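Q: If you want the building blocks of each chain, they are given just below.
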Amino acid sequence: MKTAVIVFPGSNCDRDIAVALEQATGTAPHMVWHRDTELPAGIGVVAVPGGFSYGDYLRSGALAARSPIMTAVREQAARGLKVLGVCNGFQVLTEAGLLPGALMRNAGLNFVCRDVALTVENAGTVFTHGYQAGEQVRFPVAHHDGNYVADPETLDRLEGEGQVAFRYAEPVNGSARDIAGIVSADGNVLGMMPHPERRIEPAHGGDDGKRMFTGLLEAVGA
Amino acid sequence: MKLRIYVTLKPGVLDPQGKAIEHALSGLGFSGVDSARVGKLIELEVAEDTADADVDAMCRQLLANTVIENYRIERA
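Protein chains in written order, with this note's numbering: chain E, 1 to 222; chain Z, 1001 to 1076.
None of these hints come from the bench; they were simulated from the model.
Wrong hints could be hidden among the right ones.
Covered, in the sense of this in silico footprint (three residues per stretch, anywhere, with C-beta under 8 angstroms from a C-beta of chain E), are these stretches of chain Z [unchecked claim]:
# : region
1 : 1014-1027
2 : 1052-1061
The calculated label-pair distances, taken between Cβ atoms and stated as ranges, are [said to hold, decoys possible]:
#  : chain 1 : residue 1 : chain 2 : residue 2 : range
3  : Z       : P1011     : E       : Q23       : 45 to 53 angstroms
4  : E       : Q136      : Z       : Y1006     : 28 to 36 angstroms
5  : Z       : P1011     : E       : N110      : 19 to 27 angstroms
6  : E       : Y57       : Z       : G1018     : 28 to 36 angstroms
7  : E       : A107      : Z       : E1074     : 25 to 33 angstroms
8  : Z       : R1075     : E       : R15       : 42 to 50 angstroms
9  : Z       : M1001     : E       : G97       : 24 to 32 angstroms
10 : Z       : R1075     : E       : G206      : 54 to 62 angstroms
11 : Z       : D1052     : E       : A78       : 29 to 37 angstroms
12 : E       : E38       : Z       : K1019     : 52 to 60 angstroms
13 : Z       : N1070     : E       : Q136      : 54 to 62 angstroms
Remember, it's a predicted structure, so these values are computed and weren't measured experimentally.
Just so it is clear, CB atoms sit at the ideal spot from N, CA and C, and this is done for glycine as well.
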């Protein structure tokens, strides 16, 4: 399967996620510059990587969300393209309106950089079907603005519709209802603060993240 | 023409930076500070004939995240 990774000025996990996608698909992803206006034809997954796009100026992800390529990402997402946003990518997807809510400064004001335990809340999404519901996994986090907020009605809807994909199993950043990752109403867009691409082989301390990529590609029909 | 755009967190949205400032002020011995909220001031120099609707669109589309923030436009 063909995949793509969007690269913004300041992206720094673009190569990590490219390695994870290449390992799962056997093909190197297209690296798409943020000023491009079209995604490569025939891709099944596009990743919006972690990092500090535009230096987090104005708000994390705000400027990246308005870059030319995001119009194409929004259009393709509406047609069902699978979009995976990790860390800054999650911030970009909320700012772009592809996912509800917003990500604010961590409640403790600390940059959090460590491994955290997550509970897989919904193993029925294309992104999480490599896991068991209720299973605990460990992914690294590295963020300053991972405090997920949304109004209570939105939070209730996310919970009720199974859109909470991952929840922190321990206090990390003050996120509403310990939400670590959510999927869109259509289920084809996932945003999460923890980094599955940094946990894909034993040398990383485990390969919990690898199953996201292999599971996603199985679900999409690699 | 100079515009000042004040972007502030909506009431009820937890403001971790404001909380830290509130605690620091009380640590300095200032009593009676009930709360602190942190916002942004964005100054724009725009053409005299810039329409109000355009400025409003700038705020809604980019300068403020209306999920969590309010904005106020002031003509200087």
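Q: A separate judgement is required for each hint: does it hold in the structure or not?
A: For each hint, the structure was consulted:
| no. | hint | in the structure |
| --- | --- | --- |
| 1 | 1014-1027 | holds (count 4) |
| 2 | 1052-1061 | violated (count 1) |
| 3 | Z:P1011 to E:Q23: 45 to 53 angstroms | holds, 47 angstroms |
| 4 | E:Q136 to Z:Y1006: 28 to 36 angstroms | violated, 44 angstroms |
| 5 | Z:P1011 to E:N110: 19 to 27 angstroms | holds, 25 angstroms |
| 6 | E:Y57 to Z:G1018: 28 to 36 angstroms | violated, 20 angstroms |
| 7 | E:A107 to Z:E1074: 25 to 33 angstroms | holds, 31 angstroms |
| 8 | Z:R1075 to E:R15: 42 to 50 angstroms | holds, 47 angstroms |
| 9 | Z:M1001 to E:G97: 24 to 32 angstroms | holds, 30 angstroms |
| 10 | Z:R1075 to E:G206: 54 to 62 angstroms | holds, 57 angstroms |
| 11 | Z:D1052 to E:A78: 29 to 37 angstroms | holds, 31 angstroms |
| 12 | E:E38 to Z:K1019: 52 to 60 angstroms | violated, 44 angstroms |
| 13 | Z:N1070 to E:Q136: 54 to 62 angstroms | violated, 39 angstroms |
Checked against the numbered hints above, the structure breaks hints 2, 4, 6, 12 and 13 and satisfies the rest.
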